[in-house]
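Peer 1: Read off the chains here:
There are 2 protein chains.
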Amino acid sequence: MAKPFYPESIAVIGVSEKSDNLGKNIVKNLLDFQYEGKIYPVGQTEGYVYGLKIFTSVEQITSKIGLAVFLIPAKAVPDHFEACARKGVKRIIISSGGFSELGEDRTDLEERLLSVARENDIRFLGPNCIALINQDNGVCMPFVRLSRFPNGRISLLTQSGGVGLSFIFMFSAQNLGINKYVSLGNKLNLGETDIIPFLEKDKSTGVIGLYLEEINKGREFISAVRGCTKPIVALKTNTTVTGNRTAKSHTAAIANDDRVVDAVFKQLGVARVSELDDLPPACKIFEMPPMKGKRIAIITPTGGYAVILADLCEKYGFTLPAFPKGFTAYVSKHVRAGVINLTNPLDLGDMFDLQMVANTVMRALQEEEFDALMLSWIYMRDTGITIDSINIFPLLDKMLKMIPKPVVLSMVGNPADIAQLQKTTKYPIFTTPEESIKALKILYDFSTSAVSLRTQEPVIKDIDEAKIAKILDAAAAEGRKELGMESLDILAAAGIPTAQTRLAATAADACAAAAELGFPVALKIASPDILHKTEVKGIILNIANEKECTDAFVKLTESVKKTSPGSKILGVHVQKMAAKGREIVIGAKENESFGHVVLFGLGGVFVEVLEDVALRVAPIGPLDADNMLSEIKAKKVLGAFRGMQPADAEAIKDILFRVSTLVTKFPIIKELDINPVVAYETGGGCLAVDARMILG
Amino acid sequence: MAKPFYPESIAVIGVSEKSDNLGKNIVKNLLDFQYEGKIYPVGQTEGYVYGLKIFTSVEQITSKIGLAVFLIPAKAVPDHFEACARKGVKRIIISSGGFSELGEDRTDLEERLLSVARENDIRFLGPNCIALINQDNGVCMPFVRLSRFPNGRISLLTQSGGVGLSFIFMFSAQNLGINKYVSLGNKLNLGETDIIPFLEKDKSTGVIGLYLEEINKGREFISAVRGCTKPIVALKTNTTVTGNRTAKSHTAAIANDDRVVDAVFKQLGVARVSELDDLPPACKIFEMPPMKGKRIAIITPTGGYAVILADLCEKYGFTLPAFPKGFTAYVSKHVRAGVINLTNPLDLGDMFDLQMVANTVMRALQEEEFDALMLSWIYMRDTGITIDSINIFPLLDKMLKMIPKPVVLSMVGNPADIAQLQKTTKYPIFTTPEESIKALKILYDFSTSAVSLRTQEPVIKDIDEAKIAKILDAAAAEGRKELGMESLDILAAAGIPTAQTRLAATAADACAAAAELGFPVALKIASPDILHKTEVKGIILNIANEKECTDAFVKLTESVKKTSPGSKILGVHVQKMAAKGREIVIGAKENESFGHVVLFGLGGVFVEVLEDVALRVAPIGPLDADNMLSEIKAKKVLGAFRGMQPADAEAIKDILFRVSTLVTKFPIIKELDINPVVAYETGGGCLAVDARMILG
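Quick note, the sequences are listed as chains A and B, same order.
Note that the first sequence covers residues 19 to 714 in the working numbering.
Note that the second sequence covers residues 19 to 714 in the working numbering.
What the hints contain is simulated information worked out from the structure, not anything from laboratory work.
It cannot be assumed that every hint is accurate.
Note that the list lumps identical chains together, so a pair holds whenever it fits in one copy or between two copies.
What the hints assert, rightly or not - Pairs of lysine-lysine residues, derived as DSSO-like cross-links and limited to a Cα-Cα distance of at most 27 Å, are as follows:
no. : residue 1 : residue 2
1   : Lys248    : Lys219
2   : Lys219    : Lys579
3   : Lys36     : Lys351
4   : Lys580    : Lys598
5   : Lys651    : Lys284
6   : Lys351    : Lys444
7   : Lys586    : Lys105
8   : Lys573    : Lys598
9   : Lys93     : Lys351
10  : Lys333    : Lys651
11  : Lys555    : Lys654
12  : Lys419    : Lys248
13  : Lys598    : Lys555
14  : Lys499    : Lys333
15  : Lys333    : Lys688
Bear in mind the structure is a predicted one, so any value in this text is a computation, not a measurement.
Taking the hints into account, I'd like the entire structure generated from these sequences.
Peer 2: Written out as structure tokens, the structure reads:
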């Protein structure tokens, strides 16, 4: 994968002397960024650009070509692609648009490229992109002219070239160095799943920023991120119906279920940002040392910012411990007027001596009570208040080296001044309090959990695979794709506690089964044709005695004949009524991109009305299960609630692991819905009461 | 209220020749901003500042003083305040800090100021503020030196001086003119409730921006905003426990219930922003004509922005209708290459001719299908692509004059370039897509609903006041502050349908009552000492016959004797079981600042676990009731749900109006909780089943 970033020579296909030729810009960028390899412009007509000869075909070039970048009409691409293959070029970038993003009829073009690539062991980027940049060697191939920008530890992968360009502008303006930049486009061959593993090994890259409109190879994405120890920050768009209509015609992007994407990012410790503007600060915060706890000390020059920051800390789960006595004694000795409360946030208000501010910051930093410090500052010039904010940067730099805790500088003031400071200062400057705290949360999450999330071992439970296979095979032999109550047998074989159930063909059988199981029981219509029993009035609950049981049998079979005529009726399932507990829902469903996704939620309105569910891609690990239980909005219900002790979390997680194992080992199960599972108080376990399954 | 903004002369109290004197800055600001009235510096020592004589007391000044601004230690303020009173000064600004924000012991100081003000008919701003600015006459009194900044249609009221200063910087940097600026500080006398009505009349003010840490006079705030026809944009902080601890020591702010604040803003069409950075664009959007519908046409130069904008439109409830045929025909005639999809958003990609872009915008604007247009643009210089974005502004300006629809320009690129453009261009420039769409949503909401919300007449229902007074008086006579089932009698008198209920002292009475009402019934323990009947196991539901009724009576009275020993038991309430329907909760509670707040939510877990409630301050109007029903997260339950027809919205709203009327006419009711109200299908009405009340 290193090759496209380190080509020994580059052929630029699509260059002419014409003034509006865009291919020429690629050549100029390579020259301006001081690429040291050979550059071979190729075009339809001979000539010269920037002192370089334009060849009319790659065959004319006698030397070896490390990489070819195309900027020619889509229909001309395959021929040139084949010419490159013949010439032995192994890395190609197709910047041209006009492929499947314009419609299904263009997929032929793409198939041809893919087949030539396969036959000739070629890897290619694009089409429909603006190529890549590597600041380590001056490889800069966008067809938009660029000025030199700072090199640094951040590498960006972006599906949209235009959005990626904006990021170059935005990052550079904040003196945030971009080391490598890749415009992914339609991702026909190379995508983020190929490049992330390369960036993990790349010594120049410290932070990976992503702009994605789709994750089309979800499983590979998960593997790529699991192998990565570096911070990854992602902006993923195309989250709505309208967005997808648009993305399809932009980068031919598929529509991901955004709840799954969100779950995957949580599962992998990928920091997801929601707005364009959030990406630079989210990458910038990694210029700071790790943040290992939640405790922040805040120093501000004005009470309003103290209030805003205090609100934000609570909102983002940080704490503001009181300052230790030694610190408050120190500050009160040096404050000008007596109008300061020595609380955290500390409103320094009247302290206009910058050295003194720096000393105060340093003093606070030494306190073990704090894991990070935020210095909120108003940058003022010519305000009649003696302050020269600019001198604070060397002081802060020195501190960071002495005490490795994050010292976040949040600076507001005249935006032009702040922009100028950001552009010229090495020390990272954040602007609004909101920006700073959001970024700090990203640092905290990465510092405390990302690597353990990515490297957790999945929990694979011992399940009776032979028995499960037998039930599934039987269904397959009968051509049945949907399983009702026999799903419970599969779950039982997977080690999940299920309500005791008997099939009864007659009312008398039902009564006998009920007597054996013990009243009260439930009767549920047994038919291979009926999956949604409630909809056809196929369930009667709380049957207390034989008479009710006989009546229920008759009522059920007759009502179902009416509501679902023609269904084959085997009789009823007699099930011992489960004792009362919390009803939860556990399930799994195959996702086109990511494979099987495990679902957890509370029963009833929580799932049905509020879609309050937690998702994770199978197989799940111990942290995933913990997080699923704690991330639902209604998690309060799982604690001590309405006179009940907390729910048996271990038993719930055990079912999650078993479901995760089941669908991992039997991917033929496309959909599994255990609803309800009754969860009892801690130690009391769980009971799966009803379930259905769809097979592939 | 105009006086502090238009003083004929100003005394600045707290000026000296010393280099670190801050009072001097006030004088300099007045001179720099070309205040034309007389300026009288007053200090402890005679001398001169900026050529003006320093008086040592206000008494020395022979001419009339229109306004005095104080910047002296808190303890010295009262004496000078009295001196000003003697001198006949009617308007004072106390910039000094050190009052109740530092602790309860300083309230004496404040009491003294208030009493002198009362006796002498003085109105004053502050303490603990940075005074005010009026750009119409050069009154500029902050003690921080300011450079001249643009005048315009926006006036800002801000509780924090520091945050307010940042806004001056931020607004000015975007060439957004601020006309009046008021730093409110501790709001001991004058506050936003006094100044909003003045700004409504003020011809120079077109938009009002607020930064508030508290709304301490909620009723007055509501009146002030109801009388205002101008857009109001508010950033309200101090929303958390931590924030409140901090705000108390900053501006001595009280803690508002943020859910109530949020409801009040919705009720009044005040646009609430959540971040500091959101205020300038939210004010700026009002430079545009009103937006009268939801339909947007989007034109972008890159597909990535098209995707982002499409997502945002869906998220914020806008629609993107297809372009009419005439328009697409026009565009396809003028596009350079065939790589464009003629969809909305329109990715112009290859169209680099700016006049052509402008023509396209103009053409789209003429289409009746659209209520607003967004032009997303990447500003590029020296990129090798022929584009000169700067020339677009005059074209856009011309368009707005011809067709009064919003044309929002969202411009990304090098932030320094964008900042420079914003600073120098009259046409409002927004940056990220998120910023633009959020601002447009604010414009849309104001254009379509703010004035009707503010001017709606409350719905006052005819209720049996005499009967209600009688029940309340009886309770008062007995010294009871908490009412249980008799609350239902009050509700019935207020015209709210309630479940039929009988008090029964014995089991036999209970059976007789049940027979009269008709089985099944519920028995509920009747005791003036027991308000929460469920907690003491004081309710038995679904009693089917006389035997069950007798058993239930015994069981109830005995169990309550155990769970609530010593309670006076009157017997039981026998209540006809309500037919099944949706359970909802309706209530009201007095709020310290805003008065009575009416609450609506769904019963059970929705309120208990998810706090999914809608609030409005009483008395409520028709739009309020509609919005309450539609703003709960689980509103789906009110529609066709689980085989039920939609709930009877008219009947629910009728109860809301009656509760609103009840607490408005009987403010002695501090808290009212009707739980549950059973709501039936449309036309079926509602039934209040249980209720409790707390009296003041």
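Peer 1: Compare the structure with each hint and give your call.
Peer 2: Structure-based check of all given hints:
1. In this homomeric assembly, lysine 248 and lysine 219 come within 27 Å of each other (Cα to Cα) only inside a single copy, at 10 Å, whereas the closest approach across copies is 58 Å.
2. When the C-alpha separation of lysine 219 and lysine 579 is checked against a cutoff of 27 Å, the pair qualifies neither within a copy, at 65 Å, nor between copies, at 74 Å.
3. Within a single copy, lysine 36 and lysine 351 get their C-alpha atoms only as close as 72 Å, which misses the 27 Å cut-off; across copies the closest is 23 Å, which meets it.
4. In this assembly of identical chains, the alpha carbons of lysine 580 and lysine 598 lie at most 27 Å apart only when taken from different copies (25 Å versus 32 Å within one copy).
5. Taking the shortest Cα distances, lysine 651 and lysine 284 sit within 27 Å of each other both inside one copy (15 Å) and across copies (24 Å).
6. Neither within a single protomer nor between protomers do lysine 351 and lysine 444 lie at most 27 Å apart by alpha-carbon distance, with minima of 32 Å and 50 Å respectively.
7. Neither within a single protomer nor between protomers do lysine 586 and lysine 105 lie at most 27 Å apart by alpha-carbon distance, with minima of 66 Å and 100 Å respectively.
8. Within a single copy, lysine 573 and lysine 598 get their C-alpha atoms as close as 25 Å, and across copies as close as 22 Å, so both meet the 27 Å cut-off.
9. Taking the shortest Cα distances, lysine 93 and lysine 351 sit within 27 Å of each other only across copies (22 Å), while inside one copy they are farther apart (77 Å).
10. Taking the shortest alpha-carbon separations for lysine 333 and lysine 651, both the intra-copy value of 15 Å and the inter-copy value of 21 Å come in at or below 27 Å.
11. In the homo-oligomer, the alpha carbons of lysine 555 and lysine 654 lie at most 27 Å apart only across protomers (23 Å), although the nearest pairing inside one protomer, at 32 Å, exceeds that limit.
12. Taking CA atoms no more than 27 Å apart as the test, lysine 419 paired with lysine 248 passes inside one copy only; the shortest distance there is 21 Å, against 52 Å between copies.
13. Taking the closest pair of Cα atoms, lysine 598 and lysine 555 come within 27 Å of each other both inside a single copy (22 Å) and across two copies (18 Å).
14. Taking CA atoms no more than 27 Å apart as the test, lysine 499 paired with lysine 333 passes in neither setting, with 47 Å inside one copy and 37 Å between copies.
15. Taking the shortest alpha-carbon separations for lysine 333 and lysine 688, neither the intra-copy value of 39 Å nor the inter-copy value of 30 Å comes in at or below 27 Å.
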